[in-house]
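Chemist: The lines below spell out each chain.
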Amino acid sequence: MSILIDENTRVLVQGIGNQGTFHAKRNLDYGTQIIAGVHPKRGGETWAELDRPIYASAIEAVEHEDVNASMILVPAPFAKDAILEAHEAGIELIVCLTEGIPVHDMAQVYNILYPRGDDGVASKKGRPVLIGPNCPGLISPGTSNVGFIPESSTRPGSVGLVSRSGTLTYQLMHELNEAGVGISTCVGIGGDPIIGSDFMDVIPRFAEDPETEAIVFVGEIGGTEEQRVGRWIHENIPDTPVAAYVAGFTAPPGKQMGHAGAIVKEGGDGGETAADKKEALTDLGIAVGMNPSETAQMMIERLR
Amino acid sequence: MEYQGKELFRELDIPTTPRGEIATTVAEAENSAASFGVPVMVKAQVLTGGRGKAGGVKYCNDPDEARARAADILGLDISGHTVEKVLVEPASDLDEEYYLSVLYDRTSKGYKIIACVEGGVEIEEVNRTEPEKVIKEDIDPTVGLDLDRAKDILTRASLPDDVVDDAAQLLVKLYDGFVKSDATLFEVNPLVKTTDGRVIALDSKVSIDSNALFRHPDLAEQAEGGADDPLEAKAKEQGLQYVKLDGDVGVLGNGAGLVMATLDVVNQAGGEPANFLDVGGGADAEKMTQSLSLVLSDSRVRSVLINIFGGITRGDEVARGMLAALENLGDIPQKLVVRLDGTNADEGRKILDDANHPSIVTADTMVAGAETAVGLAADAG
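So the sequences go chain by chain: X and H. Residue 1 is where the first sequence starts when you use our numbering, and the numbers rise one by one after that. Residue 1 is where the second sequence starts when you use our numbering, and the numbers rise one by one after that.
Wrong hints could be hidden among the right ones.
[What the hints assert, rightly or not] Pairs of lysine-lysine, DSS-like flavour, derived with a Cα cap of 25 angstroms:
no., chain 1, residue 1, chain 2, residue 2
1, H, LYS173, X, LYS255
2, X, LYS255, H, LYS133
3, H, LYS236, H, LYS85
4, X, LYS255, H, LYS151
5, X, LYS255, H, LYS234
[Said to hold, decoys possible] Using C-beta positions, here's what the derived DEER-type ranges look like:
no., chain 1, residue 1, chain 2, residue 2, range
6, X, GLU301, H, ASP176, 21 to 29 angstroms
7, X, ASP66, H, LEU329, 16 to 24 angstroms
8, X, VAL121, H, ALA380, 51 to 59 angstroms
9, X, PRO238, H, ASP379, 41 to 49 angstroms
10, H, ALA368, X, PRO238, 54 to 62 angstroms
11, X, GLY180, H, THR142, 47 to 55 angstroms
12, H, ASN356, X, ARG231, 50 to 58 angstroms
13, X, THR240, H, ASP176, 43 to 51 angstroms
14, H, ASP346, X, VAL121, 47 to 55 angstroms
15, X, ASN236, H, ASP346, 37 to 45 angstroms
16, H, PRO131, X, ASP283, 54 to 62 angstroms
17, X, PRO75, H, ASN356, 36 to 44 angstroms
18, X, VAL121, H, GLU221, 33 to 41 angstroms
Calculated from the structure, these hints are not laboratory results. Everything numeric in this text was worked out from a predicted model, so none of it was measured. No residue lacks a Cβ here, since even glycine has one placed at the ideal position from N, Cα and C.
Kindly produce the complete structure, drawing on both the sequences and the hints.
Modeler: The structure is reproduced here in structure tokens:
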């Protein structure tokens with residue numbers, strides 16, 4: 001089994017340029033139900049490479065097609081409108097792969113998707129799930145792949161994997177795969193400072209999924225979400241095997257390490273370094289490797 | 001820097017100091033002071049805080065004094081930044097100093113306003129010793145900030161009654177300007193009341209979201225994650241993510257997380273990484289040439305670890321790109337340790353094996369690659 005996507009996921013693709021077409025085709029060949037594409041100027045045409053219809057907007061697409069997910073690969077300047085359009089169309093799962101979206105655009109998107117209550121806190125109950133942006137997407141091996149994740153380095157199994165980084169996700173999947181360990185679902189949540197779903201939105205889903213027996217999560221420097229989910233794991237699923245890695249033990253403070261969100265704030269409240277996160281997670285009883293290989297090994301040992 | 005932030009403030013109609021002039025020599029500083037004909041401030045323009053404490057901000061009564069103080073300040077080292085220019089501006093007579101900022105807040109996924117009756121000092125320090133004095137207000141980006149709310153915030157921050165109205169108007173402009181400019185930070189420290197009763201931004205610190213520069217090409221120099229190293233600036237121009245570090249093992253890989261992890265394994269193998277370099281997706285000959293020449297132009301680099309996990313990036317393409325890059329670069333003294341995995345990695349490894357290039361050493365895993373690269377760097381040292 002899996003979380004978020006499976007054989008019943010029916011995907012609309014917003015952004016069908018070269019990249020969008022290439023990956024949608026890969027996903028289709030894997031067995032994912034890719035239903036249609038969206039392009040503002042090509043509505044009514046056929047998306048020849050995939051033999052699927054093209055609609056001028058997500059709203060028009062849902063009038064004609066039964067879709068329950070959207071994969072967005074439009075260029076960054078248009079990503080905000082694309083996400084809001086998918087939301088307006090009533091699509092429940094929005095996967096935004098686009099990199100480089102301005103933080104103000106995402107602040108608007110996030111607060112529109114998840115309005116704040118009277119207490120000022122955003123609630124996600126009954127709201128759409130946004131994965132990303134700036135993420136590789138997600139894969140439930142054997143049934144569905146929405147995004148960039150290379151399917152060749154994994155197999156169906158019982159480990160839930162969630163990561164902020166794309167290539168590190170592949171690295172972990174690969175190391176587990178070499179040891180014969182498969183994945184229920186792998187979710188790349190993205191490396192931006194504002195992402196639709198964080199560890200706390202994904203790991204409780206793994207906890208509820210009967211087929212997910214163990215969890216690996218991969219964080220990095222910046223923010224303190226790793227600690228928050230660590231406390232949740234400690235309190236709610238203390239018996240589930242969990243292993244983690246936090247990238248960036250050698251990252252200097254004040255420097256952005258590639259990802260927009262991967263920066264240890266100077267003069268911040270602390271807890272943002274890899275060492276801080278490892279210490280906090282270790283105190284909560286979670287196995288944290290010093291590198292991806294060690295983390296994979298920890299999980300493989302736990303499963304033996 | 002301060003002078004750029006203030007120029008932006010003026011465009012946004014945020015009250016600040018009279019326009020000054022930038023001087024890079026003592027003569028220019030003297031001339032500017034003479035042209036203003038009033039006492040001036042000579043202020044170091046560097047991308048770091050603590051200028052006042054370091055002696056980088058001085059009040060000068062006349063042009064001679066401006067020349068002397070500029071001589072002290074130009075070339076001064078402030079937290080590792082050498083002062084190359086000073087701002088000379090007409091001095092304002094201050095009565096009181098406060099603190100005001102608008103920033104983007106990762107935790108609330110919205111904006112935050114910070115206000116404090118203590119200004120001209122480090123706000124982090126006030127927050128540590130007297131946190132009750134620092135008012136932090138969450139702002140919902142879909143709601144924004146109006147004048148009443150601004151007044152309420154500043155009243156709670158204990159700004160004097162006769163200042164609140166003017167300061168609130170300034171705060172609303174600051175907030176609107178922050179949003180309009182796609183900023184991640186607009187900081188005014190200090191916000192001052194002058195002796196003639198005006199409320200103005202005496203200093204400015206502005207940081208613009210680098211992802212939003214397509215909307216603000218004119219603000220590129222004020223983008224966050226500023227490149228204070230010439231190699232970093234060059235990398236930025238080429239669209240590569242490069243951060244200079246202190247060691248001698250060059251690191252190059254695809255994907256920010258994987259490169260960070262590579263730095264970690266180099267460190268754990270007993271070495272010191274020389275840099276962070278993410279080549280991103282697709283690593284063709286041109287990109288590999290740019291990346292490699294960038295890493296190798298750091299004279300301290302004694303070996304290079306190239307760590308590629310193919311997803312969208314294909315191993316065979318990377319291998320060919322690497323060989324072409326080596327051809328372009330000619331003879332290099334450093335060895336390149338290459339680890340390839342993922343899509344078409346077998347093909348990539350075969351291409352490298354067949355080429356049998358004297359500069360290339362292959363590794364099976366990233367840990368093994370790190371150990372080899374660290375060993376080679378030590379041997380070369």
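Chemist: If I claimed the Cβ atoms of ASN356 of chain H and ARG231 of chain X lie 50 to 58 angstroms apart, would that claim hold in this structure?
Modeler: holds, 53 angstroms
Chemist: Check the hint pairing LYS173 of chain H with LYS255 of chain X against an upper bound of 25 angstroms on the C-alpha distance.
Modeler: Distance of about 30 angstroms is beyond 25 angstroms: violated.
Chemist: Taking 25 angstroms as the top limit, are the C-alpha atoms of LYS255 of chain X and LYS151 of chain H close enough?
Modeler: violated, 36 angstroms
Chemist: Confirm or reject the claim that ASP346 of chain H and VAL121 of chain X have a C-beta distance inside 47 to 55 angstroms.
Modeler: holds, 50 angstroms
Chemist: Could one say that the CB atoms of VAL121 of chain X and GLU221 of chain H fall in the range 33 to 41 angstroms?
Modeler: At roughly 37 angstroms between Cβ atoms, GLU221 of chain H and VAL121 of chain X fall inside 33 to 41 angstroms, so the hint holds.
Chemist: A range of 54 to 62 angstroms was offered for this pair. Does it hold for the Cβ distance of ALA368 of chain H and PRO238 of chain X?
Modeler: With a Cβ separation near 35 angstroms, ALA368 of chain H and PRO238 of chain X fall outside 54 to 62 angstroms, so the hint is violated.
Chemist: Within 37 to 45 angstroms: is that where the Cβ-Cβ distance between ASN236 of chain X and ASP346 of chain H falls?
Modeler: holds, 42 angstroms
Chemist: Is 43 to 51 angstroms right for how far apart the beta carbons of THR240 of chain X and ASP176 of chain H are?
Modeler: holds, 48 angstroms
Chemist: With a cut-off of 25 angstroms on the C-alpha distance, tell me whether LYS255 of chain X and LYS234 of chain H pass.
Modeler: With a Cα-Cα distance of about 16 angstroms, the restraint between LYS255 of chain X and LYS234 of chain H holds, given a limit of 25 angstroms.
Chemist: Looking only at beta-carbon atoms, does the pair GLU301 of chain X, ASP176 of chain H fall within the given range of 21 to 29 angstroms?
Modeler: violated, 56 angstroms
Chemist: Is the hinted pair LYS255 of chain X and LYS133 of chain H satisfied, with a Cα-Cα distance of at most 25 angstroms?
Modeler: violated, 30 angstroms
Chemist: State, for the Cβ atoms of VAL121 of chain X and ALA380 of chain H, whether the hinted interval 51 to 59 angstroms holds or is violated.
Modeler: holds, 55 angstroms
Checked against the numbered hints given earlier, this structure breaks hints 1, 2, 4, 6, 7, 10, 16; the rest are met.
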